[in-house]
Structure formats: structure tokens, C-alpha cells
Amino acid sequence: MDLIFKNKKTITLALLPALLIFFVIVFMPIMRSFVYGFYKWNGLGEPIYVGWKNFIDILTDKIFWSAFKNNLFIVAASVLGQIPIGLLIAIVLNKKLKSTSFFRTIFFLPMILSTVVVGLLWSTIFNAQVGILNQLLTKLGLEKLEQDWLGNPKIAMYTISIVIIWQFVGFYMIIFLAALQNIPIDIIEAAEIDGAGELHKLFKITIPMIWDTIMAAVVLCIAGSMRTFDLVFVMTKGGPAHATELMATYMYNKTFEVYKYGYGSAVSLIIFILSLSLILISRKVMSKREDI
Amino acid sequence: MMYLNKKTILKFILFLILCIAGFTTLYPLIWMAYTSLKTNPEIIMSTFALPKSLHFENYVNAWNTANMDVYFFNSIFVCIASVALTIIVGALAAFILAKFQFRMKKFIYSLFIIGMLIPMQSVLVPLFIQMRTLRLLDNPLSLILTYTAFGLPITIFVLESFIKSFPDSIIEACVMDGGKIKHIFLEMILPMSRPAIATVIILNFLNNWKEFSFALIFMSSDSKKTLPLGLYNFIGAHSSNYAELMAAMMIASVPIIILYLILQEQIINGMTAGAVKG
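So the protein lines, in turn, are chains A and B.
With the numbering used here, letter number 201 in the first sequence gets 201, and the count goes up by one each step, no holes.
Each number in the numbering used here comes from the position in the second sequence (counting from 1) with 1000 added on.
One chain only, chain A, in its complex shape (with noise of 0.2 Å):
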């Protein structure tokens, strides 16, 4: 029996085709990136090494730095949106009103949408002549908040921002909902005997049954938007005047509209080792379960 289970053969022809696929898909692509970024290279010609010049020139190019900048920002609007507007509707939802779960079928389905379809949504919302945003805020009579929302530096972060907040808040939504379903009904109860308050209940009892929840989805949020590329590259490409870089437009920029093959392989690696830190930390830091 045991001999069957051991067999050494069975078990590297069964795994071969999964680590094979994986191994040079994912892991030679990053240990590549390795080498590449001590090049430069146009992707023609025969690749110069270059020493560690172009990680210098990546970090003291103040383009990368708000592009990093504006990473971050993505990730604290994520945070600070999805997670208490996600929070606020599961509350409600729990309430266990007739609608809730044509509510939850709404709020769930910009999730299953393809970004791009989105971004482009989003964009011609947002345009400035045929946009619906602008023409509500005429009819409201408040033409002086008009905006070319994207095309204006100063607010175009924030305008994604409230996209991403759009699509991702029902994932957040169903993860606090199933949490607020797993809270013993008893306690609740004992609560109400007690003559608890609906705001007493909420902070006392119901937040922090669900704080190791609400946590994990800090982490998953945080490992989320640090992935953002695809909604900006199609609503700014980064722009205007570089104001919606993100690490990843930047990098993509340099690679394919530049064609510096070397310098692009230096930020991938570069946005490997901040997006993993960065994920590993909020994990340590906030995640007190072991399986999350």
C-alpha cells in the first residue's frame, strides 16, 4: 500500500507538468529580471552591462518616486474605502431585510467586470463633454464642481480612487457579511436583554467579534490595490503630466514605449521586493490568524 503512495516515479511524472509550467512562467521571469537590470539593453543590439546603474537611476528619478508615491495613495483610498463602505453595507445587509440578497447580488457584480470595460465605463462617465457626472452636476445647479475629472492633475488620483473603491467594495462586502452571519445569535440576544443599544451592540459586540476579519481584509486589500495597473493604464496611461504613475505604468512606459529593456527589468524587480515587503509586513503586523 505504502509502496503505491512512495512510488517516486508516479509522484515526479504527476507534479512535473505543474512545476514545469510554474517554474518558467513565474520564477525565471523574476530571477531573469535579476540579471536584465544590470543591463541596458533596447532589445536589439547586444545587451551592455551596465552595473548597478540603472537601479540608480530608478531611485533617483523623482518620476518613480511619486509613481511609488501614488501606489500608496491607491492603497490608503482602498483601505479607507472599501473597507468601511464594505463594512457599513454588510451591517445592513445583516439586518436580514427582505432585499438582501438581491442587494448582495448588485453590490458583488462590478467585481465579476473586466477592468477594462471599467476604466473605459468610468472614463466616458467622467468625460468631460458627453460624461453623465457633469451633466448631473449642471441639472443639480452646481456647475462650479464641473471637472475635467481626469484630466485635471490635482483630483485625477482621487477620481480613480472612487472607480477602484466602485468595483472592489461588494468583495469586501461578502467577507464581512459571511463573518457578521458566523456571530452566535445568543450573544446578540443577551445583549438586547441587557438593554443594549443598536450603536452599543455594533462597537461593543458585533466589530469585535469580526476585528481578526476585518484585519484580514486590510491585508487582502492592501495585496490588491498594490496590483492596480490595468485601470489606470486604460482611464490615464499615467497621465496627465505623469500625475496617475503608478510603479507599474512607469515601469511599462520605460519597457514598451521607450524600449529600455534592461531599465524595465530593474523596476520590475524593484516592484517585486517593495510590493512583497509591503505585503508581508501588513501580514505580520495585522494578521493574528495563521491560515489567512
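For the record, the hints were derived by calculation from the structure and aren't laboratory data.
Please note that a few of the clues may not be correct.
Computed footprint of chain A on chain B; a stretch qualifies when at least three of its residues, placed anywhere within it, have a C-beta under 8 Å from a C-beta of chain A [claimed, not checked]:
hint, region
1, 1013-1025
2, 1061-1071
3, 1092-1106
Result set (EDC-like, lysine to aspartate or glutamate): computed pairs, CA atoms no more than 20 Å apart in a straight line [claimed, not checked]:
hint, chain 1, residue 1, chain 2, residue 2
4, B, Lys1099, B, Glu1042
5, B, Lys1006, A, Glu192
6, A, Lys8, B, Glu1172
7, B, Lys1011, A, Glu46
8, B, Lys1007, A, Asp194
9, B, Lys1007, A, Glu46
All C-beta atoms, glycine included, are put in the ideal place defined by N, C-alpha and C.
Here the structure of chain A is known, so what remains is to put chain B in place on it, guided by the hints.
What follows is chain B alone, placed relative to chain A:
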């Protein structure tokens, strides 16, 4: 009496919050749906107004002239091929990791799970260079392999924990009867894992259907682009043709929305379960 009133008011306020939030979520999509049936002058004249008559020709135009038909079938091909490959390769690996005993087991399992943490962008450029070396650029195989690789961690994670829960005794009984591992896998493990396999199929299909970044850097000729990439190119070519843009976006989204409405529970569970544990 006072108490009851307070409760009703609270309930009403909460319901109002829900309605506002729900409307904000849904209206952009409703707007997309009815704008796709208007003419361009109508859209520019009044963005809010409902269409005066239904212009289904926007869909015909988007389907034919904007190549949506080509993109649509490319997407279907790439999605089906990559999901099939992910499931076959992933299920095999999950079976081994769940039921076999060998030294590197823990290490190999963690390797795949760590894969869930790797930021996709850090692979974008070097993988492009690698695909170029392998002469796979502009070849659907590049997307199929990449989607498979990025789908493997969650697939193995879900299937491994599912297969692990099967009692060893039934597998052993099968071996006693002279069943070979190959047959046990095909005739027992796979059929028994059906619910978990359904979850990962849905999950991978959705992810691959939506995927844009890899398609953007790998596929250059128009005849090989997938839907998200084709949509993105649409704005470059017909930047002010909003009616057709909306129709094209509907073509890309409606099949997925219908799928979502039918398989809602599986989709929501799949997308959240993987994430919470990952």
C-alpha cells in the same frame, strides 16, 4: 410605542443607505446598457435620456466592423484552453500533494501557495522578454501558458484541501482491488472532486476572460487579440463613437453577467474563499 418607532425609523434609514449605494453601483451599468442603443448625436445631445428608438445596429457594427467577433472567439479559445490545462495539470498536482508521501511535499506546496502573493506586474517585463526568446509572442500559446501558471496556485490550493478530505480507506480499497493509480485518479478522484473542480473552472474562466495586462504585451496582431484588449483598441480607433463603444462593452460583459446571475453562489464563494485563505 416610542421604542418601536425608533426601530422603524432606523430600519428606514438603513434601507435608504442601501438603496443609494445600490443605485450608485448599478446605474453606471444600466446607463451603459441603454446608451448602447442610442445614436451618437442623441448621446451628445442628452446623456441621461433614454433612447428614442432602439438602435441595435450599434451591436451589428461593433460585432462586424470593430472586430468584436474575432476578439470574442479568441477570448473563448484562450479561456477554454487555459482553463482545461490548468485543471488537468492542477488536479494531478493536487492529488499528489494531498495523498502521497515524499520529502519535498511541504516545500513544493508552499512554492505554489507563495505564487498567490507574487505581484503580477513584476513578471510582466521579464516574461515578455522570455516569450520573445521562445518566439511565442503574438501566439495564443503564450497567453494559455501564462494564464495556466497564474491559475495554478488557487487551483491547487482548492483541490488539494478538497481531495485531502477523502478518506484514505476508499482509495486503499481501490488499490487492493488491483486498481492502478491512473485509474484511481481518472475514475475516482476526478469525479469525486466535481464540486471543487466546478469552483476552480468558474474562477479561472472569469479571471482569464477579464485579463488585460498580459494580452496587452503579448498579442500584437489584430486577429489574435482577446476581448479586453480589443475593447481597449476600440477607443484608439473610434474615440468619439460612444454608441458603438458601449455596444462593444455590452458584448464583452453580458455573457459574463448572465453567467454570474446563473452561478452566483459558486462565483461569489469561489472568489472570496480563495482570497480569504490566500
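### Message
Hints numbered earlier in the text: which of these fail when held up against the supplied structure?
### Response
2, 4, 7 and 9
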